[in-house]
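2 protein chains.
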Amino acid sequence: MSTSPFSNRFNRRDFLVGSARVAGAALVTGAAGQAFGAVRERLRIGMIGTGMRGQVHLRELLRRDDVDVVALCDVEPIMLDKALEKVAKAGKPVPRTYGADRDPDGWRAMLAAGGLDGVIIATPWEWHAPMAIEAMRAGVAVGCEVVAGITLQDHWDVLNTQLSTGTPYMLLENVCYRRDVLAVLRMVRAGVFGELAHLQGGYQHDLRGVKLNGGDPAHPYGGGVEFGPKGWSEARWRTEHSVRRDGDLYPSHGIGPCAMATNINRGNRFTRINSFSTAARGLHDYIVKQAPDHPNAKATFKLGDIVTTTLACANGETILLQHDTSLPRPYSLGFRVQGTKGLWMDVNHSIYVEGVSKPEQWDDFKQWQDKYDHPLWRRFGEDAAGAGHGGMDFFVMHAFLEALKNGEPMPIDIYDAVTWSAITPLSEQSVAQGFQTLDFPDFTNGACARASRGSRSTTATRRLPLFLPVRLPNC
Amino acid sequence: MSTSPFSNRFNRRDFLVGSARVAGAALVTGAAGQAFGAVRERLRIGMIGTGMRGQVHLRELLRRDDVDVVALCDVEPIMLDKALEKVAKAGKPVPRTYGADRDPDGWRAMLAAGGLDGVIIATPWEWHAPMAIEAMRAGVAVGCEVVAGITLQDHWDVLNTQLSTGTPYMLLENVCYRRDVLAVLRMVRAGVFGELAHLQGGYQHDLRGVKLNGGDPAHPYGGGVEFGPKGWSEARWRTEHSVRRDGDLYPSHGIGPCAMATNINRGNRFTRINSFSTAARGLHDYIVKQAPDHPNAKATFKLGDIVTTTLACANGETILLQHDTSLPRPYSLGFRVQGTKGLWMDVNHSIYVEGVSKPEQWDDFKQWQDKYDHPLWRRFGEDAAGAGHGGMDFFVMHAFLEALKNGEPMPIDIYDAVTWSAITPLSEQSVAQGFQTLDFPDFTNGACARASRGSRSTTATRRLPLFLPVRLPNC
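Chains as they are written, first to last, in my numbering: chain A, 1 to 475; chain B, 1 to 475.
This is chain A alone, in the form it adopts within the complex (with noise of 0.2 Å):
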């Protein structure tokens, strides 16, 4: 597995002038003495955050015989503890460990310390800028957990940290490596939908049992209606953002996928957001079934149940986003890829292509699937069979681990995160003006947007990715 999947596009010397020309400064010497250029056979990796998800993360990195984990950082005992039981298990050396005392300050012995290539931030959201910006300028490269920050000013500090110290930085957002959503990028490239149209996608996810529990580590999920300081897990920090917060929270697993499609911060960028947001009813109702006596049945909730917010590009596009996590109902991220020749929806596993599918039918999507099925997933299903999220998570640790050994650009990078992330900060800030429509902030300062409305996206000349699309030399 230490072979790197990718054709190797880039020589030497492109990528220098390519990076060269995106930050001005690509290719530097991090704090830590590690050029990010340079093609490495092992990574040196820490993790802050070794909870449920980091605990994910972990396994894919144990699996691996190009990663040495060499340090775990968690406020936690017990979650930490469980972390150290996995890296026994592998039989790979006991790594350092921060935190084990519940200081707040772990991460940043930890990274002070140095030895360390890369680390994977998978803690409560409002960790992720600061840790990163903080890696960042330790020259330690980093793989952050959605989302990129709270604020929006956290956004742009995040952006200019990765833009001052060159440290790579790839938002580990798990969903563009979906099977169907990378067969489609591939149809999207192929041309198949013709130019697209309109593009939707969201997390319509039931976490009413997530953000609720019963406090009790060995129960996650559901038995109770604690959350905060008595909950456990994320209960015991994610459910405040439903208390204080309205807006779309979660927009990458979403976005990114049609964010790809549409080639932004590629030629193309978001102009306008809006999002609306109905009455907050799912959480309050949840806990008043459960244990109407429970201090709890007298919290109120800011979230609205399902927040509408629709983004529109500069060539043209349409990008529809639903949230949907405090209310009963089947898992759906609700893609729809639309062209000017058909259309793909998950929700009915369902494709119509002009001139191809019979007039008036949908098409069942698996043949596509079979006929677009990514080179990358015909070569590591096998070993994506056993990873998070049916694969998922094998493929983005991969793509992240696979960029930083040969130096290449990330491929979901600082400025996909930032441009993603930002929709959460934005959508509050329209909901909170009565739904109005915003102007879309440009990360990239003009540098990758030049296209207009009206414009023929998916005609214009650029090179077909093997996987996800890189950053472009000229922009």
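All the given hints hold, so there is nothing to weed out.
Remember, identical chains collapse to one label, so a pair may be satisfied in a single copy or spanning two.
In silico lysine-lysine, BS3-like type, Cα no more than 30 Å apart, as pairs:
hint : residue 1 : residue 2
1    : LYS230    : LYS341
2    : LYS358    : LYS371
3    : LYS82     : LYS230
4    : LYS302    : LYS341
5    : LYS230    : LYS298
6    : LYS230    : LYS302
7    : LYS92     : LYS82
8    : LYS341    : LYS289
9    : LYS230    : LYS86
10   : LYS341    : LYS298
11   : LYS371    : LYS289
12   : LYS341    : LYS358
13   : LYS289    : LYS230
Since the hints were made in silico from the structure, they are not lab data.
Put chain B on the given structure of chain A with help from the hints.
Positioned in the frame of chain A, the structure of chain B alone reads:
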């Protein structure tokens, strides 16, 4: 079929009192000397517009033994002759005709001639408002095809004319009578979905072959790229709206069922509206592909291929409408009705109800459809079987005629008509202003919308209607 299927919910006195509260003039003697509160056994109906749509309505009228089709008007002799053929074939008396000489004022002459209890308006959209207004002034009850008008002022004018004349007016929105839509409405009233949170609907229908044809009366759909004077049927007039306007041009099929489910104008109201629009490529591509050298290959279209509209309701629900008529796709109105207990979606024929459905698993809608099938469909399903649009056209006409015969309020009344139809000019305004969110005007002037955001909509005590809910006496 002359027996009313409606239980007589209102006794005579209640109806008078209730209606008087609405308009202050619900029972008037129209210019034609007809008291609209009276119960009639037979109706004298005229038709303005005997085009493709009008012929469908005519067939329904001719099947009934409680209707005399006494007058027909159209400026297109071919279609007027076809209508007369249908009448003759049905063995009914020959109606008076207007417009055979292409006199554009034929409809005025028809209304002025009197002798009509009601008129069906099935003309190009831009004629709906002036024709309805003149009919109401003449005391002739109006069954008006969607839409109610073009500009926002049109909608106020139609409303004010109805209120000042008291002449019955119904928007002939047939999708409200679709079998699954009515079953879902019954489920909403029965509380199956709990409190409603989010609804979706739309008009996703590839109309390229409707908007463009060869101009041949024998082939009204497809077979060419003509529109305007050289087009035939809808291509002659409807396409011009795609040339000049950008917004949700056809909202009622989607919003009708959603508005009924959320009690719009019956204790709830729209508060905000927003529309996003994509680039316009579909119609141009369709022309170029077929006839690159045709003059219409240089035509420009203003209507975005996909228009996404979001509405906020006073009771905290959001409604999403999708208008998608210029791209290849299977027909779908894209309904979704979601509340605190579950949701229905029509694109995958599925439903999920907490505590009934297995966790994380969609149920096939069929069993629910059978359980909640509307009594009217059980009773009249066979009669409806031959009618247009899967039977919906039987029910919408039936509802108009029965309400008119029995002196009952129209099930889709003037407030519904203008509220649903005004989405178009508001949507256009939103798009024109850079996708800005607008306040939605309250056509009821506060009378029917006392609920505030966050209050409970479906727990309010209200009479469960047998058919579509009629306006309640107190609002």
